[in-house]
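**Student:** Okay, here's what each chain looks like letter by letter:
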Amino acid sequence: MSARTDPAGSSKSWPLADRAMLALCWAAGLLLVAIAAGIVLYMAAKGVQYLRPSLIFSHPVADLDQSKSGGFLDPILGTALIVLGAIGIAAPLGVATAVWLTEYGRPAWLARAVESGVEVLAGTPSIVLALFGLTFFAQQGLGFLSTTGASGAVFGRSLFICCVVLSLEALPLVVGATREGLLATPRHVREASYALGKTRAATIHRVLLPVARPNIATGCALGMGRIAGDTAVVLLLGGGALTLEANGGIPLLGTLKGTGSTLTTYVYANSPSGEGNAPEKAYAAAFLLLLVVLVLNWVVDRIARGSEQLGWIR
Amino acid sequence: MASAATDFSRAVPRLWSDRLVGPALGAAGVLVLLVIAGMAVYVFKTAWPSFHANGLAWFGSGEDANAALQKIFDSKGPHYVYTLRAWPLLYGTVLSSGAAVALGLVLSIFAAVFIVEFAPPSITRVLEPVVRLLAGVPSVIYGLLGILVMVPFVGDHLISTERKESVLYVVQLTGASLLVATLLLTIMIVPIMIAISVDALRSVPSSWTEGALALGANRWRVIWTISVRASRPAIVAGAVLALARALGEAIMLAMVSGGVIFAPNPLDGLTFIYEPLQPLAAAIVQGAEGFTVKPYGATLFAFAAVIMVSSVFLSFTGWAVRRRLRRFGVQA
Amino acid sequence: MDPLMPPPPIRRIVVDRAPAPVPVPETNGHVVQTITRTKAPAGPERMLADTVTIAYGGKIAVNGVTLPVRQGEVLALIGPSGCGKTTLLRTLNRLTELTPSARREGYIALDGEDIDRLEVTELRRRVAMVFQQPNPFPMSIFDNVAYALREQSRKRPGKSVVQPLVVDALQRAGLYDEVRDDLDRPALRLSGGQQQRLCIARAIATRPEVLLMDEPCSALDPRSTAVIEALIGELRRDLAIVIVTHNLQQAYRVGDRVAFMYLGDLVEYGPTEQVFGEPRAQRTRDYIGGAFG
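Residue numbers (our numbering), protein chains in the order written: chain D, 78 to 391; chain S, -8 to 323; chain X, 91 to 383.
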């Protein structure tokens, strides 16, 4: 084997300017790694320092000395509730929309409008959605979604409303991922199904959706990640209390109609920006939140690798 | 628009249930469209009183915006007060988002070039999950790190007491500043730009890069003069999308930019980056409690309307550009 | 020998009888060129490939080939698909190293220096390449030709320095008259033949010592092919040219020496008239006679 210089040219011979640029490239890459490592390691250190099992399993307590009392069981439940609730709305709606766009799509102007609409939604910041929800759901007719005060004023804020608004946030992700999966299925799969005499609906139900299942799962996981990490909507629409205050007797529905918080608002509330001054609990909750998001990221990764669909997901 | 629907309408047998499925699914799509359209209409309708009362001067500068907002909040019907000059808010938004996109553009181009060309495979395997991680971290965690780590650091160690005293008559320098806001915002938007840039760089035809290498250019020159040059439209599209994201960021900015509406003054020299600011989205978060007061609510919605228009417009542009690029074979 | 070679007979080879010259029919207007080969004395040896073996991940593509490349003459590499001629060509400017699984053994020298010891960018300045598919960059014609001039030097030369060199290269490539009115036109708007000539101009702008051509005319129409073949005839005065072609007639028209390769082995090497007229190896005879392709 003959000795050779680096196949693409050792950079020692390059002009100084080019070597400086190469150094900048390395610096950029390493900086990114350093930032990510810094964030994860710092949060982990603080989380391990402050996270105790008692925190996870106890309720928040209204106490002047926040740093010593109460935990965040309610925010954890709150996060779980809104993630499941919102994706429960977004997934069927999003898959239906995506299927309609790819498999039907007539009249064409309507399909274009819906596609543009979904893109508009994707670009809408969550604070705008939150503000919209704030006044919209305070209208008289929608009192069933939340509490109605004694004077007839609709409170307009509840976990259920959070679910509805957050589903709008996750919707474009589900639609996009599902469409990608459906568009990637080759024509001959559909044609084979039609040739066997199946109707279009049956083809979609029995052939296309199962094939696109990894994409749907990816879209849902991405959506769930976005929902779990959202603060603005729950801050404005969750009602402000740290504990889950159910409204009405029915177990799950009552909780949804009531107010509460999630991990994100709990972190916000306990940080110097919120009322609390318990940074330890904020760190602990934030660490938990980060773990949830990382797990969801990892799930997306596994699905993507499992179905051999590598690539960058917006 | 890409549609996989072939015209099998006559060839495929139709059951009565099949006839329902199409329109039913279409109804889902139409529902989504109606919700979005309805939301846009509602936002503008609610924001209208604020714009109407101020006219174009809404976008201008005038008396202290903090005081103006307080007056709006305190006003009682039927003599509602809507007077507001929102320039400091707009300026703060543009300043922080613009600076973040500029910084992020530089960082993301070099990082993308690194990932595509110069990184050893072991580092590339690490970098791709790293970028996805940075994209997935919730904004409240960035805000928490900002307010608990960066703001005290800046406030205690980077801003000297003399500096604080030099502007004390105007504003208090606490460390919650343009500097921290811009840095965190940059980290948040960089993943979007990197993802798009890497896709575009990888899709440059190898005949060009091979031809350039065969002409004796070194690897850096090849990727800079050929690949990055050919990817310029995609990089711009990525920057537009990143700008849209930055404009809409509320929670993190509310936590680190300082709670007071202030327009950082470049004429202050270096102190400029230590001054607090209040981007539009952060203003909504700060003021959300007061929405029950009608004019205050209208003002908040006016902020939301401005954010919505610009963010949606930019998002839409970025998406449309990427779609056109994909038709030309550039993977954007 | 006749300047115009009769087309090789597509029939079973009968060895003991020389093929009779077939009278060329009167043509109807298509280009018939008379090849006058000026016998320039073979110049100094520019490159030498000495017992070169190249393998892609275990599969041997070139097997122990020794070939000299001399200035002032055109070396034509011929052979059926997959015989390794393109691999050998690409190894002369170390482009094979872009493929991670490629391994090379043997010695290749440029002007006596081992090319492995040279900086690869330096090597590629002196050994230029033109590809099968014309690949002009998405820039103007001027920027294309000036690319090597600008990217090879430490300090970016000013336009006034580069301009005459660009014009000179375009003239030598025979393209200047067609594009002189607007050099800032995008290069991708040129026709296929013009693009290939642009690529040639781009390659020779820095006055390399050796020009490698990988089937440069296979994607072009006959008229462009004729123009480029004439161009090759002129360029070889200053350069050493190595051309890979699967078109035997082209090899005959253009080449001064011919190397025939088959499945990685160098089967025959010699002056064109000898290889085509009196091939020594049976396999050469079979290939030239059209027994296999």
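Hints are computed from structural coordinates only; laboratory data are not their basis. Errors might be hidden in some of the hints.
[Said to hold, decoys possible] In silico SDA-like links for lysine to any residue, alpha-carbon gap of 20 Å or less:
(1) S:Lys285 <-> D:Phe213
(2) D:Lys89 <-> S:Glu108
(3) D:Lys89 <-> S:Phe109
(4) S:Lys36 <-> S:Leu47
(5) S:Lys67 <-> S:Asn57
(6) D:Lys89 <-> X:Arg244
(7) D:Lys89 <-> X:Leu208
(8) X:Lys245 <-> D:Pro92
(9) X:Lys245 <-> D:Leu99
(10) X:Lys249 <-> S:Ala93
(11) D:Lys275 <-> S:Leu11
(12) D:Lys89 <-> X:Ala320
(13) X:Lys245 <-> D:Phe232
(14) D:Lys89 <-> X:Glu212
(15) X:Lys245 <-> D:Leu93
(16) X:Lys249 <-> X:Thr296
(17) D:Lys89 <-> X:Gly323
(18) S:Lys285 <-> D:Pro92
(19) D:Lys275 <-> S:Pro14
(20) D:Lys89 <-> S:Lys36
(21) S:Lys36 <-> S:Lys285
(22) D:Lys275 <-> S:Ala15
**Student:** For every hint, state whether the structure bears it out.
**Tutor:** Outcome of the hint check:
no.	hint	in the structure
1	S:Lys285 <-> D:Phe213	14 Å, holds
2	D:Lys89 <-> S:Glu108	17 Å, holds
3	D:Lys89 <-> S:Phe109	14 Å, holds
4	S:Lys36 <-> S:Leu47	17 Å, holds
5	S:Lys67 <-> S:Asn57	18 Å, holds
6	D:Lys89 <-> X:Arg244	13 Å, holds
7	D:Lys89 <-> X:Leu208	13 Å, holds
8	X:Lys245 <-> D:Pro92	8 Å, holds
9	X:Lys245 <-> D:Leu99	17 Å, holds
10	X:Lys249 <-> S:Ala93	31 Å, violated
11	D:Lys275 <-> S:Leu11	16 Å, holds
12	D:Lys89 <-> X:Ala320	41 Å, violated
13	X:Lys245 <-> D:Phe232	70 Å, violated
14	D:Lys89 <-> X:Glu212	13 Å, holds
15	X:Lys245 <-> D:Leu93	10 Å, holds
16	X:Lys249 <-> X:Thr296	15 Å, holds
17	D:Lys89 <-> X:Gly323	39 Å, violated
18	S:Lys285 <-> D:Pro92	65 Å, violated
19	D:Lys275 <-> S:Pro14	18 Å, holds
20	D:Lys89 <-> S:Lys36	64 Å, violated
21	S:Lys36 <-> S:Lys285	13 Å, holds
22	D:Lys275 <-> S:Ala15	19 Å, holds
Hint compliance for this structure: hints 10, 12, 13, 17, 18 and 20 are broken, all remaining hints hold.
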